[in-house]
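Engineer: Spelled out, the chains give:
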Amino acid sequence: MSGLALVASPFCFTVQAQDYIDVEAERRAQEQGSVSAPASTTPARDPYSSPQPARSYPATSYGVNSAPAGSSIGQSAPAPVASSAAASGGSNNLGQLVLKVQQLQQEVMRLNGIVEEQAHELRTLKEQSLERYVDLDRRVSSLTTGGAVAVGAAGASAMADDSTPTVSTGAASVKEQPGEADAYRSAYALVRGQQFDEAVTAFRGFLRQYPSGRYAPNAHYWLGELYLVVQPADLESSRQSFTLLLEEYPDNAKVPDALYKLGRVHYMKGNREKAREYLDRVVREYGDSNNAAARLAQDFINENY
Amino acid sequence: MTRIILSLVLTLVTLGARAELVIEITQGVDNPTAIAVSPFAWQGGGTAPEDIAQVVQGDLARSGQFAPVDRRDMLGRPSTEKEVFYRDWRAISAEYLLIGRVSGTEQMRIEYELFDVNRQAKVFDGTETGPASEARMLAHRVSDKIYEKLTGIPGAFATRLLYVSVTRNPTGKDYYRLTLADSDGARPIVLLESREPILAPSWSPDGSEIAYVSFETTRPAIFRQNLATGQREQLTNFKGLNSSPAWSPDGKTMAMVLSKDGSPDLYLMDLASKRLTRITRHYAIDTEPTWMPDGKSLLFTSDRGGRPQIYRYDLRSGTTERVTYEGAYNARARVAQDGRNVVVVHQSNGRFHIAIYDLVTNRMQVLTSTELDESPSIAPNGSMVLYATKSGDRGILAAVSVDGGVKFRLPAREGDVREPAWSPYMSR
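Just so you know, the protein sequences line up as chains E and R, in that order.
In case it helps, our numbering puts the first sequence at residues 1 to 305.
In case it helps, our numbering puts the second sequence at residues 306 to 733.
Just chain E, with the same shape it has in the complex (with noise of 0.2 Å):
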């Protein structure tokens, strides 16, 4: 017994030692593992017995420091259990037991680190399909601005909003109306998808069923971009509803998009004055804090004045 624990107990540390590099290496190490298990019973087995740390170099830094852990990985858990069923009679039966209960931890480790990994995978693919869905609003939105705005912060502010709509200050106390959620959700979809026809009657429902629900500002916000991008152009329903927009909720995080695009409706129904009074607002009022909606309403300045 004890020559066959010499022979076995460099053998398993070679094994082990392995055991990280690769795949390969530890499938390799399972079923060598398994071979020489037995050796393991042996109760006279002392791996500590020689500077074994000395011994092997890198693959030990998990070995070297926690010291002849990469002497006993996979080993030591079981290693009591199979000793104590060696004194037991030495019970083959015992053995083989032991011996699966190894294979069978080291199988549960192993699919454990899948779990983790794909589990880690998730949560990274779910941030980066919201960082998709944010570019994607973004890019919405700058066709929906009438596609002469190139990829417009105010677009990207606005439609960041939109994915998880947020009412601000003044409407906070809005509870949301059960099934709102949804269809505004579903109205939402329509402007992603590019369907503004369908969009534009889609949101009209909404706030016909939840006239002042929740998503109400957002709802008037996209009529407003939507009657813009419909074929042909309604101007004025557009004008409407970002008026309403401003009216009802002077508060919403939304109000100097609304101004900007008011300015742009007005330019494009021909009212110069008209427009330059709510671009001249949007900068003057929030010109100072870096908005994205009045830096783009400065550069339609700019532009045509």
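No lab work stands behind these hints: they were computed from the structure.
Built from N, CA and C at the ideal position, the CB exists for glycine as well.
Listed next, with one range per pair, are the computed distances between beta-carbon atoms:
(1) E:124 with R:582: 30 to 38 Å
(2) E:101 with R:478: 32 to 40 Å
(3) E:130 with R:332: 33 to 41 Å
Go by the hints and put chain R onto chain E.
Structural biologist: Frame of chain E, contents of chain R only:
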């Protein structure tokens, strides 16, 4: 027991040049600041006990952030402000000039002044006092101040290193020495000498005590040792593994790895009562604990996911979560004082490198290009990482800045060196 030949050095015995470390800078920043350190004037009798300016100059050069001017190029050797002529220093392209005066054979006093050559103005001055026997440490403190003034980051020169050196003995047992040295490798002191392995040296948070694993009693046991008194205490003597001692930030608890109850798991020992608390319970190997600076959680290495990765154990909730995902192997974490940067041994392409993992951005950056790197230890100011690596067939220490920009090596004159542990800021 007869085969255990152990010579314990309980009192601090200075060793000659036997295991002294020599520093070679292998890579500095692209545009190091040119600084001239004029030899400090000695205002005592006889010759100066220590060339303070040389020590400061060495520190600044080793940081990689500075390019000290060669003394032979200096057109003057001022030691007072009146003697400073800026044009002399502009002529040799020095951006800063450091001058100083040293006095006192018992109680040493170093006065120093820093000048901005381009602005022609004094930017900083200061004084360091202490026993003359600690002259080099006083010089390192000067370096710390200058470094902080010019980089905005506190210096970590007035700190110390622990490392284990091994002298191979082809005919018998190897020699293991636990050595304490200044951060520049100077003044090595052997704390413990043994024919059996010494492992995992680590520091108490105030730098007054150390802990390590020694095999001197046939099995691994954790010891703590007071640096000032040399007093030594064996903390554990359990069957199986006793390893990886790690002092908690408040110094009251020590995390350690024991396998007395089966597989290696993490335990906390209350140092006053010696009471043990088992904190992980898993048939996989949980090892190499290290404390987060707030003392509320521990990072450790576990192969519970099939391969060694870093996990975090939260002491309040008792929950464990995986931290690292990048790479097939991440082990032996050490956390910077900011609680954000974690240095690990990271395996990529079959090689073991030192990598830094940012707990906020979750990014892993490989810092080293050498192979077989291990045992990273981070400077108390978070600027440099000291680690063990191989040069040829010898184990040496090397250091790299946390941005990977500055590198230097500290090869020993003899034997293998490994398991460095950078001290915290020393309490005075």
